[in-house]
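Residue numbers (the numbering used here), protein chains in the order written: chain U, 165 to 404; chain C, 20 to 213.
Quick caveat, the hints were computed from the structure, so don't treat them as lab data.
Each hint should be verified, as a subset may be incorrect.
With beta-carbon atoms standing in for the labels, derived distance ranges [what the hints assert, rightly or not]: (1) C:104 / U:194: 47 to 53 Å; (2) U:338 / C:113: 30 to 36 Å; (3) C:98 / U:206: 42 to 48 Å; (4) C:113 / U:312: 33 to 39 Å.
Some residues of chain C that are not near chain U, with every Cβ distance over 10 Å (derived) [as the list claims (entries may be wrong)]: (5) 21; (6) 43; (7) 65; (8) 84; (9) 86; (10) 113; (11) 115; (12) 119; (13) 122; (14) 161; (15) 174; (16) 181.
Cβ atoms here follow ideal geometry from the backbone N, Cα and C, with glycine treated the same way.
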Amino acid sequence: MTSALELRQVSKIYGSGPTEVDALSEVDVSVERGELVAIMGPSGSGKSTLLTIAGSLEEPTSGQVLVDGVDLATVSRSDRARMRRRSIGYVFQDFNLLPGLTALENVTLPLELDGIGAKAARARGLEAMEDLDVAEHADRYPDELSGGERQRVAIARAIVGKRGLLLADEPTGALDSVNGGAVMRLLRAATRRGVAGVVVTHEAQLASWADRVVFLRDGHVVDQTVAPPGPESLLAGDRR
Amino acid sequence: MSVPFALLALLSEGPKYGLRLQNEFESRTGEVWPLNVGQVYTTLQRLERDGLVEADGEGERSQKQKRYRITSAGAQELADWLRTPPELVPPPRDELVIKVLVALQVPAIDIGEILQAHRRHVIEVMQRYTRIKAAAAEDDVPLALVADAELFRLEAIVRWLDAADVRLKQLPSRGSALVEDTPLERTQPMEVSQ
Numbered sequence: 165m166t167s168a169l170e171l172r173q174v175s176k177i178y179g180s181g182p183t184e185v186d187a188l189s190e191v192d193v194s195v196e197r198g199e200l201v202a203i204m205g206p207s208g209s210g211k212s213t214l215l216t217i218a219g220s221l222e223e224p225t226s227g228q229v230l231v232d233g234v235d236l237a238t239v240s241r242s243d244r245a246r247m248r249r250r251s252i253g254y255v256f257q258d259f260n261l262l263p264g265l266t267a268l269e270n271v272t273l274p275l276e277l278d279g280i281g282a283k284a285a286r287a288r289g290l291e292a293m294e295d296l297d298v299a300e301h302a303d304r305y306p307d308e309l310s311g312g313e314r315q316r317v318a319i320a321r322a323i324v325g326k327r328g329l330l331l332a333d334e335p336t337g338a339l340d341s342v343n344g345g346a347v348m349r350l351l352r353a354a355t356r357r358g359v360a361g362v363v364v365t366h367e368a369q370l371a372s373w374a375d376r377v378v379f380l381r382d383g384h385v386v387d388q389t390v391a392p393p394g395p396e397s398l399l400a401g402d403r404r
Numbered sequence: 020m021s022v023p024f025a026l027l028a029l030l031s032e033g034p035k036y037g038l039r040l041q042n043e044f045e046s047r048t049g050e051v052w053p054l055n056v057g058q059v060y061t062t063l064q065r066l067e068r069d070g071l072v073e074a075d076g077e078g079e080r081s082q083k084q085k086r087y088r089i090t091s092a093g094a095q096e097l098a099d100w101l102r103t104p105p106e107l108v109p110p111p112r113d114e115l116v117i118k119v120l121v122a123l124q125v126p127a128i129d130i131g132e133i134l135q136a137h138r139r140h141v142i143e144v145m146q147r148y149t150r151i152k153a154a155a156a157e158d159d160v161p162l163a164l165v166a167d168a169e170l171f172r173l174e175a176i177v178r179w180l181d182a183a184d185v186r187l188k189q190l191p192s193r194g195s196a197l198v199e200d201t202p203l204e205r206t207q208p209m210e211v212s213q
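Please model the entire structure based on the sequences and the hints provided.
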């Protein structure tokens, strides 16, 4: 089966000579549809570099990046840009909603950039907003929304139009732990609908929402969690 | 032990039978702490002996059919207990801390790898608690509170491991851990509690 995302022996070196920095070294990671993977590591471990390479916002120095089995190095720059718009959704730390656009216009933006007609884009945008329970705020502007609502709109924008890959960099931003957990619950629900999700975080509580946690250290994958047994073994062990 | 106080809290809503107390205890603690009905009856007996609850005259015949209500002494006892801080200052002898301190003394050991093994294990346990939260109804507040308590406790361990990682990076080369045997000077014991 083809993975939604596969990094093969990906390395990224910034600078050259004495100032050379190995941001990533021979990293192998693959993510399946329906799976939420968290990338954890201290600052400077290469987490964000991994995400920008996975999202084709940056190219690796060596190694391969495959999205839905397609090696990004084999497609033209414009095809790569189209892929980015069509297949990959991003959620940023600060939500990055455009202030002059309504919530719905923000959500449909990637579709319109891709040449989809306004009417079709609107229908798909509303569908994504309904999935995230914010359809009633479609015509409001970002500054009229609460932090939690803005975050939901940002996730709706990331999943709109049946994207296969959802990438999130510290997606809970400055939210408190309960609201941060709610965001992770939404990302997890999105992956359950068949999207492959990758979340970069340094917070253990957020990472624990993932099906699998990959640990990065100094640009290397040093470890990952194994699929945990069901929760029943944790609480029900001493039940009558 | 907090079971007597949990029963007092449930009785502060109004008189109840033992079986109902057992059901409510379990549902309100997120069904995390199983409580058998025999334990409920022996606890009620003790509370009755101490004057903290009393049979309210409904039912009677056998203990199983008695209905209990909280006394004013019971209400006061409960109010005092809720405000009494739990023990937070155990002696600093956490097993994980000891393991890391011991690992520091073993020359051939990669401490980063030891820390990571523990980090992974703790996060795997956190994933299980988070699954419990994810599977529960969003309005199941008691269960969320119980899971959160464990998650914050475990997160603190991960943060300690992360801090240990940073501190150990600042350590000079660990080859110098191999020192000549010299007589030890007595060090001051660490004292946290008053």
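Hint check:
At roughly 49 Å, the beta-carbon separation of residue 104 of chain C and residue 194 of chain U lies within the given 47 to 53 Å, and the hint holds. A hinted range of 30 to 36 Å holds for the C-beta pair residue 338 of chain U and residue 113 of chain C, which are about 31 Å apart. Look at residue 98 of chain C against residue 206 of chain U: about 46 Å separates their beta carbons, and that is inside 42 to 48 Å. The beta-carbon spacing between residue 113 of chain C and residue 312 of chain U, approximately 36 Å, falls within the hinted interval of 33 to 39 Å.
Distance check on residue 21 of chain C: its Cβ is at least 17 Å (rounded) from any Cβ of chain U, clearing the 10 Å threshold; non-interface status holds. For residue 43 of chain C, the non-interface assignment is confirmed: its Cβ lies about 17 Å from the closest Cβ of chain U, beyond the 10 Å cut-off. The claim that residue 65 of chain C lies off the interface holds: its Cβ sits roughly 22 Å from the closest Cβ of chain U, which is beyond the 10 Å cut-off. Look at residue 84 of chain C: its CB is around 23 Å from the nearest CB on chain U, clear of 10 Å, so calling it non-interface holds up.
The non-interface label for residue 86 of chain C is consistent with chain U: the shortest C-beta to C-beta separation is roughly 25 Å, beyond 10 Å. For residue 113 of chain C, the non-interface assignment is confirmed: its Cβ lies about 18 Å from the closest Cβ of chain U, beyond the 10 Å cut-off. Look at residue 115 of chain C: its CB is around 15 Å from the nearest CB on chain U, clear of 10 Å, so calling it non-interface holds up. For residue 119 of chain C, the condition that its CB be more than 10 Å from all CB atoms of chain U holds, with the nearest at approximately 17 Å.
Listed as outside the interface, residue 122 of chain C is consistent with that label: its C-beta sits roughly 17 Å from the nearest C-beta of chain U, beyond the 10 Å cut-off. The Cβ of residue 161 of chain C lies farther than 10 Å from every Cβ of chain U, with a closest approach of about 13 Å, so its non-interface assignment holds. Some Cβ of chain U comes within 10 Å of the Cβ of residue 174 of chain C; the nearest lies about 5 Å off, and the non-interface call is violated. With 10 Å as the threshold on Cβ separation, the claim that residue 181 of chain C sits away from chain U is violated: the shortest Cβ distance comes to roughly 7 Å.
When the structure is compared with the earlier hints, violations turn up for hints 15 and 16 and for no others.
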